[in-house]
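Q: Chains as they are written, first to last, in the working numbering: chain B, 1 to 385; chain P, 386 to 608; chain Y, 609 to 897.
Derived from the structure by calculation, the hints contain no laboratory data. Take the hints with a grain of salt, since some may be wrong.
Said to hold, decoys possible - List of simulated lysine to aspartate or glutamate pairs, EDC-like, C-alpha gap at most 16 Å:
{"id": "1", "chain 1": "B", "residue 1": "K131", "chain 2": "P", "residue 2": "E523"}
{"id": "2", "chain 1": "Y", "residue 1": "K661", "chain 2": "P", "residue 2": "D532"}
{"id": "3", "chain 1": "Y", "residue 1": "K664", "chain 2": "P", "residue 2": "D583"}
{"id": "4", "chain 1": "Y", "residue 1": "K733", "chain 2": "Y", "residue 2": "E756"}
{"id": "5", "chain 1": "Y", "residue 1": "K659", "chain 2": "P", "residue 2": "D417"}
{"id": "6", "chain 1": "P", "residue 1": "K486", "chain 2": "B", "residue 2": "E44"}
{"id": "7", "chain 1": "Y", "residue 1": "K626", "chain 2": "Y", "residue 2": "E703"}
{"id": "8", "chain 1": "B", "residue 1": "K18", "chain 2": "B", "residue 2": "E249"}
{"id": "9", "chain 1": "Y", "residue 1": "K704", "chain 2": "Y", "residue 2": "D732"}
{"id": "10", "chain 1": "Y", "residue 1": "K722", "chain 2": "P", "residue 2": "E435"}
{"id": "11", "chain 1": "P", "residue 1": "K561", "chain 2": "Y", "residue 2": "E877"}
{"id": "12", "chain 1": "P", "residue 1": "K390", "chain 2": "P", "residue 2": "D417"}
{"id": "13", "chain 1": "Y", "residue 1": "K722", "chain 2": "P", "residue 2": "D532"}
{"id": "14", "chain 1": "B", "residue 1": "K131", "chain 2": "P", "residue 2": "E413"}
{"id": "15", "chain 1": "Y", "residue 1": "K768", "chain 2": "Y", "residue 2": "D732"}
{"id": "16", "chain 1": "Y", "residue 1": "K683", "chain 2": "P", "residue 2": "D583"}
{"id": "17", "chain 1": "B", "residue 1": "K119", "chain 2": "B", "residue 2": "D212"}
{"id": "18", "chain 1": "P", "residue 1": "K414", "chain 2": "B", "residue 2": "D128"}
{"id": "19", "chain 1": "B", "residue 1": "K246", "chain 2": "B", "residue 2": "E44"}
Unchecked claim - Here are some, though not all, of the chain B residues that point toward chain Y, as calculated from beta-carbon distances under 10 Å:
{"id": "20", "residue": "S30"}
{"id": "21", "residue": "K31"}
{"id": "22", "residue": "D145"}
{"id": "23", "residue": "R163"}
{"id": "24", "residue": "G370"}
{"id": "25", "residue": "Q374"}
{"id": "26", "residue": "E377"}
Only a predicted model underlies this, so the values are computations on that prediction, with no experimental measurement involved. Where a beta carbon is used, it is the ideal one built from N, C-alpha and C, also for glycine.
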Amino acid sequence: MVEKIEIAPTTRHEGHAKLILEVDREGIVSKAYYINTTPIRGFETMVAGRPAEFAPVAVMRICGICQTTHGIASCNAIEDAIGCEIPEDGRLLRELIGLGNRMHSHPLHHLLTLEDFVKPGEEDLKVDTIKLIQRMRKVGQLIVDTVGGEGIHPPNIVIGGMRTNISERARAKLYYGLRQFEKDAQRMEELYLELIERYLEEVGIPDLGSHDYPYIASHTTYGNKEAINWDSVVEIPPQRYYGDIKIGESTSVMIPLYEGVPAEGGPRARLVKFGNFRSGGSAMDINIARARENLGAGYRAMEILDELDINGETKVTPEYREGSGIGVHEAPRAMNTHFAQVRKDGRIKSYRIIAASNWNFPVVEKAIEGYPYQYAEVIVRAYDM
Amino acid sequence: MEDKKITVAHVQLSSCCGCLISLADTYEKFPDILSSIDLVYCQTLMDAREIPEADVILVEGSVCLEDHHALEVAREVREKGKTVVALGACAALGCVTRFSKGGQMPKPVHGSFSSLTEIIRCDLAIPGCPPSPELIVEVITAIIRGDKEYLKPFIRYGECKHESCGCDLIVNVINKSLCMGCGICSASCPTRAIEMIDGRPLISPHLCVKCGVCSFQCPRIEI
Amino acid sequence: MDPLGNYKSIISARATDKRILKRAQDGGIVSAVFIYGLENNLLDGAVVASKEKNFKPVPKVATTPEEVLEAAGTKYTVSPNLSVLKSAIREYSCEKIGVVGTPCQIISTRKALKYPLGFRHLVDKIALLVGIFCMENFPYMGMKIIVEELCGVRLEDVVKMDIGKGKFWVYTKWGEVKSVKLKMTHPYEQSSCHVCTDYTAELADISTGSVGSPDGWSTVIIRNHRGEEIINNMIEEGYLETRPIDEGKFGLGILKKLALTKKEKNMKEIEHRKKLGLPVPPDVCGLLQ
Ligand SMILES: Cc1cc2nc3c(=O)[nH]c(=O)nc-3n(C[C@H](O)[C@H](O)[C@H](O)COP(=O)(O)OP(=O)(O)OC[C@H]3O[C@@H](n4cnc5c(N)ncnc54)[C@H](O)[C@@H]3O)c2cc1C
Ligand code: SF4
Ligand code: SF4
Ligand code: SF4
Ligand code: SF4
């Protein structure tokens, strides 16, 4: 007997989604559908025909948590399309602001998963951790505010580079913030290691949420178009991917595939591809990888502050011409890709986005399958979508 | 009675969640803010799955008319919320979703987005993309205190059901001989769409997301 | 009608630092306050009106005494100082900002502080509002006509402009002084000034202007505790020297008279515009106090 269980809406993540689970007699999920029911605001068609400058401003508003990564990917794509080289200091600031975004988004995600791992009676731990998270987020957002002009939807990310450089004073302030962040990120990593170990022990399923799909990642701290074979990246409509037309119709997510199969993106994928993080383990490993990435982000950010010439040029005036380009940025959740075709007059001819979390939709479904249905939401949340 | 906290729900429609993040950007004060109210529903932060009745429902995002569920939710918040607050420009004025027109995979029919203020009666509406953390806190505090005087502009924004844009400054301020060139509109714009040229705001229409901030911030027009 | 708004005290004062006096418009109060603030860690930035060639105003975030000095002196034209307010807290990372502005700009700032809708993380970073008296302002080209056509001086030669004793004065780098009666300059005023009823920046912490004090001295209206503290300390530490304000006709008398004249004249204009069905500015002064 197969039972159908629906969890709707799923909670503690951004957007609207639900889980449809087919569960066997033992309570094990045999088939999982993770359906995103958020209406499509249509940023791809929204920017078509409009001046290219509108694109980064608009697409940032896809997501208020990782706006920065959309702004970066958008500008990268358009610059790639028109053959625009941005100055080195502009590039450094762009990487820095992306890291600032990660340093707020990752801790925010810890906030959303925390409830899964603390137990009743551990109120103090919870309160302290929330304080820790907010302290970390404050530094991340300080970077985005300072470098980007606004902590949410930073307007300084513009085609051609970054609108302005930062002052000596600002650089010093960011540096001291990062020193604090370093300590807090260490604490966070220790804490998550402990919490996850304890959790998996109690659950008694060490590989909870494992799957055998490959990983996809282009870079550790920024984004690298060259690292991906773009001919192998396709996006197919859910109607086709799911076979089941009813399921296919209900979701708002296009399904990206790499070399014909889904691939996991995000913290674990990056640390496996470019480091020696364990692959193929429990989905809970992603929570740990995320905590570790905080540290890496902090160190790289400090390095950038050293490299940055605060009197250097950060922007060139873009000269528009016809072309198409790809912009890649490693968002907190996965690789974020924008494809832009630009017309001679500097307007967008066509635009396509493979948003970071789309990669993980089919992966999450696979990760849920084979495990008791009670853990489905915990597995989903490990992915930050 | 005097100790009873007001119940607050946060509901997300077609939005980017940035308005809620803005509130979270009160950093160390965030837990205190949450404990000054009784948060009964917030899908992003907690596990409640059904919108309960509440003194205040903060609604973020515009309404997709092709999405049956969204219209249901809009109706539901009006029924269940004593005070419905359109939080942020998407809910208050439409904001960037004014540019939506559909045609995108895999839901090409999703193409009509209206501000919440156009769909249901909103007691308060807060423009801004997103409104600053400090402003959201001021408004919540004013609601708790019952400070109608402070809330006046937001009551008015709740009533006005028309779109907003940087060009409003042209029509309502510059054209009416009211602009004296202070420059605050320019600083307030979240997309930097406004440059001051010859002492007057110059709006780049292709950078404007219709968030309504510049008009709200201009001291020369009634808000 | 209260002509000057709320205040604690009014004095005449001027900076003691000769470098400031040399470049300042009147008693150098604005520049002295900002320099004192920067040197004593009360401020870490100031939003001012600097200038380019030909007296083109350029709003600027000054973070050093030198930059404050560079921006000293009145530009008789619109300088949208507040347009850089956000840069001050973002790429400049200032946390204690001083703002100088005309009364209307002080109103805008107060409104932003009360309703910081588009000003994330601004409110606690505004440390001091310094208002300058203002009867009217001119569009840039209006100022150019006054200087070049009415006074016959090339803008590039001008080192200072001033309004006083019923005249608009122009000083050139060649040491010449030209003037024209204010009656002649009225046609070049920006019309939005004619619905403005605030002469003395009633919402500032400190307001200052030349009217009411002898040449080279400034009238300083101390409006609240914040303003009082800084002015008192500056006096104590020798940054400012003071003299009692002349209570008579040429002191407070004329100040009140001018403030009242502006209110009455522009209230009439407001009523007139209302009659024509035109919009008028909301009464923000009342709202914000
Ligand atoms: C348009 C205008 C009209 C004025 N009308 C009168 C008047 O009727 N009666 C009167 O007593 N005083 C008037 N003043 C003020 C007066 O001219 C002096 O600015 C004031 O006394 C300060 O002098 P100070 O020596 O203390 O300042 P300073 O040390 O010289 O510093 C002046 C400060 O004002 C800033 N500033 C200069 N021009 C502008 C501008 N256009 N907008 C904003 N900020 C500016 C500068 O950046 C500088 O920081 C007016 C000023 C302006 C700008
Ligand atoms: S108003 Fe802006 S920040 Fe708020 S939901 Fe809309 S796009 Fe996001
Ligand atoms: S000009 Fe800027 S502030 Fe005004 S509505 Fe447009 S985006 Fe908002
Ligand atoms: S805020 Fe209003 S008065 Fe000030 S410059 Fe802008 S439009 Fe003009
Ligand atoms: S007269 Fe009023 S509106 Fe005009 S510049 Fe002076 S303070 Fe501003």
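Q: Hint by hint, work out which the structure violates, then give me just those numbers in ascending order.
A: Checked against the structure, the hints that fail are numbers 1, 2, 4, 5, 7, 10, 15, 17, 19, 20, 21, 24, 25, 26, while the rest are satisfied.
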